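For the record, the sequence lines run as chains A and B. Our numbering applies: residue 1 is where the first sequence begins, and numbers increase by one. Our numbering applies: residue 1 is where the second sequence begins, and numbers increase by one.
In case anyone wonders, no lab produced these hints; they're calculated from the structure. Every value quoted in this text rests on a predicted model; they were computed, and no experiment measured them. Treat the hints with care, as some may be off.
So the derived label-pair ranges between C-beta atoms look like this [claimed, not checked]: (1) A:16 with B:64: 42 to 52 Å; (2) B:84 with A:13: 33 to 43 Å; (3) A:1 with B:39: 13 to 23 Å; (4) B:72 with A:42: 17 to 27 Å; (5) B:40 with A:45: 24 to 34 Å.
Listed below are the simulated DSS-like cross-link pairs for lysine-lysine, each with C-alpha atoms no more than 27 Å apart in a straight line [stated by the list, open to error]: (6) A:55 with A:20; (7) A:64 with A:14; (8) A:41 with B:49; (9) A:41 with A:66; (10) A:14 with B:49; (11) A:14 with A:66.
Cβ atoms here follow ideal geometry from the backbone N, Cα and C, with glycine treated the same way.
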Amino acid sequence: GAVVSQHPSWVICKSGTSVKIECRSLDFQATTMFWYRQFPKQSLMLMATSNEGSKATYEQGVEKDKFLINHASLTLSTLTVTSAHPEDSSFYICSARRTASYEQYFGPGTRLTVT
Amino acid sequence: AQSVTQPDIHITVSEGASLELRCNYSYGATPYLFWYVQSPGQGLQLLLKYFSGDTLVQGIKGFEAEFKRSQSSFNLRKPSVHWSDAAEYFCALADRGSTLGRLYFGRGTQLTVWP
């Protein structure tokens, strides 16, 4: 149990376009989902936290107008990178937290390359 | 403020040898602690967790960790390493004071296993 999926697993897009990444909890309900960014050989950097039905909470320095997060249901959160630029190229990972639990379950990640 | 320190960036061990990965934390109360493993290009998999009770916790894949309050440590151990254990290992602390339950990660320890 506790499986989290991400789609797509990798995406290449042109500079200036937008990309949407989906994060789904497949076998449990996730009140809270988290979006991370990871640079090569580095730890995870929390970008934002989303609760179902409410606005996301962004970490300091993360542009909320660029990284749009929507947590439409207890099993789905989406991250949209708007007007992507090459510096947005990275590995994006989502995680989901069960209601009343501190355990986070991670998706397999999405490799974004902006050309 | 809460933080997690993994002093070792890279550790190399021979297959069959024992392993200990260090993790120190800073937190004002009894923490919730986790160890995650990440294979290249993948998401994070939960190895084990400590919430309360027995300070020696068992996890998957033959890993265990010991919580030592006096040393603010939560070191990960395995008696005999397999080549498939080569990966990045992250220690994390959950902020119990936050309703969002965000995790604070260490910078990770890269484990290389020699045949």
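Okay, the hints, checked on the actual structure:
Between residue 16 of chain A and residue 64 of chain B the Cβ separation comes to about 50 Å, which falls inside the hinted range of 42 to 52 Å. About 34 Å separates the C-beta atoms of residue 84 of chain B and residue 13 of chain A, a value consistent with the hinted range of 33 to 43 Å. Look at residue 1 of chain A against residue 39 of chain B: about 21 Å separates their beta carbons, and that is inside 13 to 23 Å. For residue 72 of chain B paired with residue 42 of chain A, a C-beta distance near 24 Å keeps the hint of 17 to 27 Å intact.
Look at residue 40 of chain B against residue 45 of chain A: about 18 Å separates their beta carbons, and that is not inside 24 to 34 Å. Distance restraint check for residue 55 of chain A and residue 20 of chain A: the Cα-Cα separation of roughly 17 Å lies within the 27 Å cut-off, and the hinted pair is therefore satisfied. As the CA atoms of residue 64 of chain A and residue 14 of chain A are separated by approximately 21 Å, the hinted pair is consistent with the 27 Å bound. Of the supplied pair hints, the one linking residue 41 of chain A and residue 49 of chain B holds, its CA atoms being roughly 24 Å apart against a limit of 27 Å.
Between residue 41 of chain A and residue 66 of chain A the CA atoms are separated by roughly 24 Å; this keeps the pair inside 27 Å, and the hint holds. Note on residue 14 of chain A and residue 49 of chain B: the hinted pairing is violated, with a Cα-Cα distance of about 41 Å set against a maximum of 27 Å. With a C-alpha separation of about 15 Å, the suggested pair residue 14 of chain A and residue 66 of chain A falls inside the 27 Å cut-off, and the hint holds.
The structure does not agree with the numbered hints 5, 10 stated previously, though it agrees with the rest.
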